[in-house]
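122 is the number that the numbering used here gives to position 122 of the sequence shown; each next residue is one higher, with no gaps.
Be a bit skeptical, because a hint or two may be false.
[Stated by the list, open to error] What follows is a set of in silico ranges between Cβ atoms, one per label pair, in the way DEER data are often shown: (1) R150 with V53: 43 to 51 angstroms; (2) G39 with I17: 31 to 39 angstroms; (3) V5 with A148: 14 to 22 angstroms.
FYI, nobody ran anything at the bench for these hints, they're computed from the structure.
Values in this document were obtained by computation on a predicted structure and should not be read as measured data.
Built from N, CA and C at the ideal position, the CB exists for glycine as well.
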Amino acid sequence: MANQVIFKGAPSQVINIPALFKGSAVVALIFGIHLCTAGYFPFHWQLLFAQIVAVMVGVGLPILKTAFTEIVVDTERITWTQGILRRRVYSLELARIRRVSSVHPWWQGMLGTGSVILMTDDPAHPVRRLPGIRHADQLRTRLEEAVAIRQER
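The whole structure should be built from the sequences, with the hints applied where relevant.
Structural data, given as structure tokens:
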């Protein structure tokens, strides 16, 4: 039987919403501190700019990491490809999967995404997580079916 692709795609950027909120809060805090201390110290635009750039880099890296991630699930294995400057490829044979579940935090559930959790017999990585998957329940069901078929062989 030829490998059939069950899922191919990238995690949703929805998983980065908390990082965006945290970054916005830190930028607001930086502005507030600069405004409150403006009467006591000279205002340095360069310092403010450097601090905001540092926060933007901290927020931007998870977004880039998500954008440069690809997940392919077929009837034999799951393959993750990750990396911005250095590409890494990880594989997990479906035969090593023992249990599949899905988790939907309230804010991801409202936006139609969730995480698929894989319990494996791999001692190095007993739990694998596929974050930000659109229609995670459907993928979980299809994965359970593929794992069951694979284990029957």
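Comparing the hints with the structure gives:
Distance hint check: the CB atoms of R150 and V53 are about 48 angstroms apart, consistent with the given range 43 to 51 angstroms. Checked against the hint of 31 to 39 angstroms, the C-beta distance between G39 and I17 comes to roughly 36 angstroms, which is consistent with it. Remark: the range hint 14 to 22 angstroms for V5 to A148 is upheld by a beta-carbon distance near 18 angstroms.
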